[in-house]
Amino acid sequence: MTSTAGHPDAGLQRRTISDEIAVFIVMAIALVIVPLTGLYPYFVMQALCFALFACAFNLFLGYSGLLSFGHAMFLGTAGYICAHAAKVWGFPPELAILTGTAASAVLGLLAGLVAIRRQGIYFAMITLGLAQLMYFFYLQAKFTHGEDGIQGIPQGFLFGFLDLSKSTTLYYVVVAVFLLAFLLIWRIINSPFGEVLKSIRENEQRAISLGYKVDRYKLMAFVLSATLAGLAGALKVIVAQNASLTDVHWSMSGEVVLMVLLGGLGTVYGPVVGAFLVIAMQQYLAGAGQWVVVIQGVIFVVCVLTFRRGIVGEIAHLFKRSL
Amino acid sequence: MSDEFILECSGLTKEFAGFVAVQDVDLQVRRGTIHALIGPNGAGKTTCFNLLTKFLIPTRGQIRYDGNDITALNPADVARLGLVRSFQISAVFPHLTALENVRIALQRQRGESMDFWRSKSVLNSLNHRAHELLDDVGVGAFAGTVAVEMPYGRKRALEIATTLALDPQIMLLDEPMAGIGHEEIDKIAALIKRISAKHTVLMVEHNLNVVADLSDTITVLTRGRVLTEGNYATVSQDARVKEAYLGSAHA
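Read top to bottom, the protein sequences are chains C and U.
Each residue of the first sequence is one higher than the one before, counting from 177 in the working numbering.
Each residue of the second sequence is one higher than the one before, counting from 35 in the working numbering.
If we strip away everything but chain C, and leave its shape as in the complex, we get (with noise of 0.2 Å):
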């Protein structure tokens, strides 16, 4: 009877870290060679920071289940705080970054106290209605210049001395924030809290009776991925020097749903792929004018009807992998 229990590791899903980690690698070298291929390095630092960005969605809908539909929310006020920080306190782009990521922690904190009990559509509702609340109070408040956004932001010296008014620079610190985001996401995942946020996902009933009081992870993953998604918001400020109203708007909301479901929910890699070529079709169409949403909108349709798990995640399971 006690055939097992000599292997303390039997019976843990390990195949699946082996994977994961050589991905890794593999995106961490194309990542630094970029500026080589002649990419324009501008197109890839702002799929970056959208690609933290639907990382961190990610982290909450594909590992708790519900689905916030005003993230915007939070990449929105973290750029708009870090770009005032940077331009008008003066602070240091670390310091910009730190203060608007911390606003947006705050933010998810409040939001998430507010909505976490609810369920389903009533969760995407909350969320979403307190997005809009976001986007009038920028849309009217002095510091965010309304329509006209927070232009000419000054990029500075990171830690006094990276000058990221040089592209090439700005480059690095921008792959090197988003590897270590990336990282810290892959943590989170991987953590006993992790592991009590996935036995939530599978069977909240049971895990409530096992002791777990669900709302806190949940809340807690919430304020997680606010917080991420406001250090995306505030890297993307520092890359684009402005500031605008796009970033709260709810349809940017509805963007990183589209580039998450993409790629693949609740996989580790899909939201990148994902939001890589959400990013790529809005560049590279962009002379399609307003046919680019029109575009999305197919895509999105073909995507749920065709490939559900997305396109990691057809991949993994075809493979019968977990990327």
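It is possible that some hints are incorrect.
[Stated by the list, open to error] Capping the alpha-carbon separation at 25 Å, the derived lysine to any residue pairs in SDA-like fashion look like this:
1. C:LYS374 with U:ALA110
2. C:LYS263 with C:GLU323
3. C:LYS389 with U:PHE89
4. C:LYS374 with U:ARG152
[As the list claims (entries may be wrong)] Under 10 Å between C-beta atoms, here's a sample of chain U residues computed to sit facing chain C:
5. THR87
6. LEU130
7. SER147
Calculated from the structure, these hints are not laboratory results.
Using N, Cα and C, we set each Cβ at its ideal position, and we do this for glycine too.
With chain C's structure known, arrange chain U on it following the hints.
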């Protein structure tokens, strides 16, 4: 009195929009026994069960556990006090392995597990105990199998192992035999018997025969009320019980 009974309820009532599912139920579960709650379909067994574990809020009545009033507590708090339930539909975490299923329960010993910055490898110290629990209920061979791929009867055993991992004072099993084959029934029955040496068991069962050899006390519920209570010999001879059961068994 509170020393003799681990779980008591009095005047327990649950109304759903005018429909009274459970009415004035008084129940006393003696420490260290197997107590069965039986009755035909729609008798209110599962509702009663959900009330006792706080998954439903009673309309009226009081629930006492280990001498304390728990009527106002939430289900997670009740579980933390050592009153742990199972579910009618096999309640496992389907896409986790059997080992991981049990480990989630063992993880409760660590406290809240809010540490999102730490690697889950710290949980490996729980693996040995998890394997012991799996072996104990006879599913040691499935440790690395994803729960959804296990045979139904084995899932029930896994669920019991998960519940046992919390070292509960009292286990509430909701139809532990539902949907499993005859041979498995004997295995699960033997398992429950063995568990009862250390833990009080309150089980809901549809089938009187299943609980015959197992239970010290049987409470029969019909139409939301307690019909009678006693050991198997007393209850099975009761004319009202026969009537309630024949009525539904031959329907």
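Structure-based check of each hint:
1. Proposed proximity of LYS374 (chain C) and ALA110 (chain U) is supported: the alpha carbons are some 17 Å apart, at most 25 Å.
2. Restraint check for LYS263 (chain C) and GLU323 (chain C): satisfied, since their Cα atoms lie roughly 18 Å apart, inside the 25 Å limit.
3. Using a Cα cut-off of 25 Å, the hinted pair LYS389 (chain C) and PHE89 (chain U) holds, with the two alpha carbons roughly 13 Å apart.
4. This hinted pair checks out: LYS374 (chain C) and ARG152 (chain U) have alpha carbons roughly 16 Å apart, not beyond 25 Å.
5. Proximity of THR87 (chain U) to chain C holds as hinted, the smallest CB-CB distance being about 7 Å (cut-off 10 Å).
6. About 6 Å separates the beta-carbon of LEU130 (chain U) from the nearest beta-carbon of chain C, less than 10 Å, and the hint is met.
7. Against a cut-off of 10 Å between C-beta atoms, the interface hint on SER147 (chain U) holds, since the closest Cβ of chain C lies about 4 Å away.
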